[in-house]
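Chemist: Next come the chains, spelled out residue by residue.
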Amino acid sequence: MTSLLSFKSSFKRKTAVATLAFLSAGLAVSCAPSSPDVATSPAAGDAASPAAAGSGGTVTLSGAGASFPAPLYQRWFADYNKQNPNTQISYQSVGSGAGVEQFQAGTVDFGASDAPLKDKDKETFKAKYGAEPIQVPMTGGSVVFAYNLDGVDELKLSRDAYCGIVKGEITQWNDPAIASANSGVTLPDSKINFVHRSDGSGTTFAFTNHLETACPNWTAGVNKSIEWAVGTGAKGNEGITAQVQQTPGAIGYTEFSYARENGLKMAAIENASGKMITPTPESGAAAFEGETVPADFALQVPDSKNAAAYPISTLTWLLLYPEYKDAAKREALSSVIGWSLTDGKASATELGYIPIEPSLATKVNDRVAQIK
Amino acid sequence: MTSQTIAKSETLIESSQKFNPVRLVDQIFYWLTVATALGVGFILLWIAWSLLSIAFPAIVKFNIGFLFSTSWNPVNDAFGALPQIAGTIISAIIALLFAVPLGVGVAVFLSENFLPTKVQTPLGLLVELLAAVPSVVYGMWGIFVFVPFILPFLQGIHRVFGWIPLFSTPPSTRQMFTTAMVLAIMILPTIIAISRDSLLSVAPELRQGAYGLGATRWETLTRVLVPSALSGIIGSVMLALGRALGETMAAAMLIGNANRINISLFAPASTISAMIANQFGEASGLQKSALFYQALILMVMTLIVNMLAEVIVNRFQQVE
Numbered sequence: 610m611t612s613l614l615s616f617k618s619s620f621k622r623k624t625a626v627a628t629l630a631f632l633s634a635g636l637a638v639s640c641a642p643s644s645p646d647v648a649t650s651p652a653a654g655d656a657a658s659p660a661a662a663g664s665g666g667t668v669t670l671s672g673a674g675a676s677f678p679a680p681l682y683q684r685w686f687a688d689y690n691k692q693n694p695n696t697q698i699s700y701q702s703v704g705s706g707a708g709v710e711q712f713q714a715g716t717v718d719f720g721a722s723d724a725p726l727k728d729k730d731k732e733t734f735k736a737k738y739g740a741e742p743i744q745v746p747m748t749g750g751s752v753v754f755a756y757n758l759d760g761v762d763e764l765k766l767s768r769d770a771y772c773g774i775v776k777g778e779i780t781q782w783n784d785p786a787i788a789s790a791n792s793g794v795t796l797p798d799s800k801i802n803f804v805h806r807s808d809g810s811g812t813t814f815a816f817t818n819h820l821e822t823a824c825p826n827w828t829a830g831v832n833k834s835i836e837w838a839v840g841t842g843a844k845g846n847e848g849i850t851a852q853v854q855q856t857p858g859a860i861g862y863t864e865f866s867y868a869r870e871n872g873l874k875m876a877a878i879e880n881a882s883g884k885m886i887t888p889t890p891e892s893g894a895a896a897f898e899g900e901t902v903p904a905d906f907a908l909q910v911p912d913s914k915n916a917a918a919y920p921i922s923t924l925t926w927l928l929l930y931p932e933y934k935d936a937a938k939r940e941a942l943s944s945v946i947g948w949s950l951t952d953g954k955a956s957a958t959e960l961g962y963i964p965i966e967p968s969l970a971t972k973v974n975d976r977v978a979q980i981k
Numbered sequence: 002m003t004s005q006t007i008a009k010s011e012t013l014i015e016s017s018q019k020f021n022p023v024r025l026v027d028q029i030f031y032w033l034t035v036a037t038a039l040g041v042g043f044i045l046l047w048i049a050w051s052l053l054s055i056a057f058p059a060i061v062k063f064n065i066g067f068l069f070s071t072s073w074n075p076v077n078d079a080f081g082a083l084p085q086i087a088g089t090i091i092s093a094i095i096a097l098l099f100a101v102p103l104g105v106g107v108a109v110f111l112s113e114n115f116l117p118t119k120v121q122t123p124l125g126l127l128v129e130l131l132a133a134v135p136s137v138v139y140g141m142w143g144i145f146v147f148v149p150f151i152l153p154f155l156q157g158i159h160r161v162f163g164w165i166p167l168f169s170t171p172p173s174t175r176q177m178f179t180t181a182m183v184l185a186i187m188i189l190p191t192i193i194a195i196s197r198d199s200l201l202s203v204a205p206e207l208r209q210g211a212y213g214l215g216a217t218r219w220e221t222l223t224r225v226l227v228p229s230a231l232s233g234i235i236g237s238v239m240l241a242l243g244r245a246l247g248e249t250m251a252a253a254m255l256i257g258n259a260n261r262i263n264i265s266l267f268a269p270a271s272t273i274s275a276m277i278a279n280q281f282g283e284a285s286g287l288q289k290s291a292l293f294y295q296a297l298i299l300m301v302m303t304l305i306v307n308m309l310a311e312v313i314v315n316r317f318q319q320v321e
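As you go down the protein sequences, you meet chains A and B in turn.
Under the numbering used here, the first residue of the first sequence carries the number 610, and numbering increases by one thereafter.
Under the numbering used here, the first residue of the second sequence carries the number 2, and numbering increases by one thereafter.
This is chain B alone, in the form it adopts within the complex:
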């Protein structure tokens, strides 16, 4: 109000530097966002530090050998993480083998005009709802519905291909392979939703250009659309991988929690998160430290995956 009278002799910049309630709100907002942004980073560091400090006795005692030892013996305080690390990686990779082709396929289908929008939209919604199912429900469903359903097929595979080491044991009711399949279903919505969005966000000119040059739909898809959406698709796969690595409840319920490495996928196995979920309640002393050590390994693994995702996504975006 007062500024109006004085403003005549001032430049725009000068007047903007005067007290202004709007600028105060801006300032507060600025610092608020700074605080929240730093807060998130701080929480991550805090978690990492707490993991490290509780895991420290185990780190000192077992050192790097922890990664290569297969024993988990709370009686003698001898701990290792190899079966869990192997189980975590193998189950996640098998899950990806199922989920990536399926997920990208669905994403392509849902982003093309194969179906009228009336059908397509609810279908996309259903896919996204898959992500809303709690993992304990997947675990229950796996135990009581999926595993009994799939077991006869696996027994067939074992009878025919039993000579291949991967299928060499009779399928157990709790095992690596079915766990990975349930994990695949769990990570599908992540892959589908993000891949579909990135396919949809490909500039329409590219598609029109491809058609204009006489490309078929097939050529347009494989040569133009998917390559230009690749950063998004890979990003979705990495996110899904992160989820598969860290999935706890369903894995703990389905994988059989056997502290062994078995070449056969039909045998019970274990994962890091399943091990932690199982044993944390009653663990104390060095066992607890060892569990935190495993948690730290899992955190580093997912961190690597996320960083890799970042690098790959960036690289492909530059290509575009």
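The following block holds chain A by itself, in its conformation from the complex:
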């Protein structure tokens, strides 16, 4: 029904963009049938969602949260808006913590977080809204070791090596623990400048989540910010990037897409199967292969057993309300989510993120379809 309507509306507008919009989004769930001419026609007005008539045709969604997927979200929402000019989505990358907070407070239409909701947050939410919040994975990403060493183009880090570096136990580049995995490479006799995030971040959460599993005697815990035994703090992925670029002998952890965008050298690291894996979207995606996704989608793979997997890979989630009063918003949300997980895949790969695999995307769409 809605597809038919959107067909009609796009036909009226006779624009190529609108037809495209119909073709891509109309099939997924609905095309947010909200052009004014539909709403004014009485028959169509009844058939269309009531809110579309009420809101005068334009749906505005606002979201806030995680900074890790922010470049991708912004790209997705801008592309989606080009194809569906009636849906405007704004996204503030204020950080996962603030995103969850705003989501709880109800000041946004959706939240976004790099870590799955804590049980405590779920309880708070349930107490306030009477139902469980919905979290759905949108994309994944890898956290990489970016380094700056002249003349070393392919650095390999064994578990002992990178665990030692982050714990401050290995301080020289020519330490035997590093050198043993890099035969034929001349490592300088200089100090290792470890660079970590100084702000709270989902990247740090994913990184420490892996370290706790992979490194023996990791005592600093898992969190969005922790107490580092060693190193310099830089704000944001861009801060890490700038600092690694400027400092010879520096190594820091950052999101794959930032490292690639800025042409930083990334170290191959040893995964749980003892293989040295270079970070790529493919090796990152391999980390989720064969994992069973729990009902609340809170899939975390701190250290993938897959032999082909790059081990520091994580998912990132959208937080949705179980019920939307404004039906147009609900329609638009489910449409944009469906679109992002299918048509948006290309941008995800292009930006260095890991696209959600089709079977998981179907589950996500099914879950989103249950929103009232």
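Errors might be hidden in some of the hints.
What the hints assert, rightly or not - As a list, the in silico DSS-like pairs of lysine-lysine whose alpha-carbon atoms are at most 30 Å apart: (1) K62(B) to K727(A); (2) K289(B) to K776(A); (3) K729(A) to K119(B); (4) K62(B) to K776(A); (5) K289(B) to K735(A); (6) K874(A) to K914(A); (7) K289(B) to K727(A); (8) K119(B) to K731(A); (9) K62(B) to K731(A); (10) K119(B) to K737(A); (11) K737(A) to K289(B).
If you're looking for bench data, these hints aren't it; they were derived computationally from the structure.
On a predicted model such as this, the values are computed, not experimentally measured, just so you know.
Using the hints, position chain B against chain A.
Modeler: Below, chain B alone, put in the same frame as chain A:
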């Protein structure tokens, strides 16, 4: 109009107490200014109270020990502020060490007739424009221009004077010393502008008197002009100190945000405002309270500086 006819039998005071639209405007204006003045005070108290109330859980838990603890561990909820307090004070003091001689020097130069006015006025304007540069720009400039430029010099200092603890670590790209230098540049315009104004406002008779008694320009400057403008100069230094203590963006970008106290100035450090700017976005629970506790400490520190400024300025004004 009517008052004119009756006014004959009235005294001036009586007539002025009658209804008068001008007096009504006066009254409204009076109360309006009272409201705005009280409003500003109220906002300050409001901020202080909000800081206090959000920081309260951390204050209760860590008490005064917060000031002396060096840990900042969101995993175990163990927080302290010593590295940040030390970093804030040290960076501000080093910044002053650079900025005060330089700033007062420039102020003296710009207030004397060394240069023709045609050159002097634009020069003064340029100095004041320094104050208009946003601090994030200083941060960017520091990261991409100033630090790479100054680093070889610092490496030289480290090679020669490395045996002095203050220069004992190889200069890092993000560190206390360069941060303090950028802070110095940021607070220069404050010092220059206010010092220059107070030097210019010294009564011309003093200068003429000094020259008349046969004092050289040097003597006039050091014995007459600077001492009589001292309250203004000190006031400018205190204002600058306040800015250096609270500067956030440039510090967060340049200082290295390492939660450690290092005797070496070439090592990464941290400041209170940098810590807050870094961690606030993702903080919750006790971590947020601890950040507010740090904010409260910073507020008290700047309050003390401002009160000190007031006292010193008053004292020197009485001397005059």
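Chemist: Confirm or reject each hint.
Modeler: Cross-check of the supplied hints:
Distance restraint check for K62(B) and K727(A): the Cα-Cα separation of roughly 24 Å lies within the 30 Å cut-off, and the hinted pair is therefore satisfied. Distance restraint check for K289(B) and K776(A): the Cα-Cα separation of roughly 26 Å lies within the 30 Å cut-off, and the hinted pair is therefore satisfied. Between K729(A) and K119(B) the CA atoms are separated by roughly 68 Å; this puts the pair beyond 30 Å, and the hint is violated. Among the hinted pairs, K62(B) with K776(A) is consistent with the structure: their alpha-carbon atoms are about 29 Å apart, no more than 30 Å.
For the suggested pair K289(B) and K735(A), the alpha carbons sit about 23 Å apart, so the restraint of at most 30 Å is met. Among the hinted pairs, K874(A) with K914(A) is consistent with the structure: their alpha-carbon atoms are about 25 Å apart, no more than 30 Å. For the proposed pair K289(B) and K727(A), the alpha carbon gap of about 17 Å is at most 30 Å, so the pair holds. Between K119(B) and K731(A), the direct Cα distance comes to roughly 69 Å. Violation of the 30 Å bound is thereby established for this hinted pair.
The suggested pairing of K62(B) with K731(A) holds, with an alpha-carbon distance near 26 Å, which does not exceed 30 Å. The hinted pair formed by K119(B) and K737(A) fails the criterion: a straight-line CA distance of about 68 Å is larger than 30 Å. Between K737(A) and K289(B), the direct Cα distance comes to roughly 22 Å. Compliance with the 30 Å bound is thereby established for this hinted pair.
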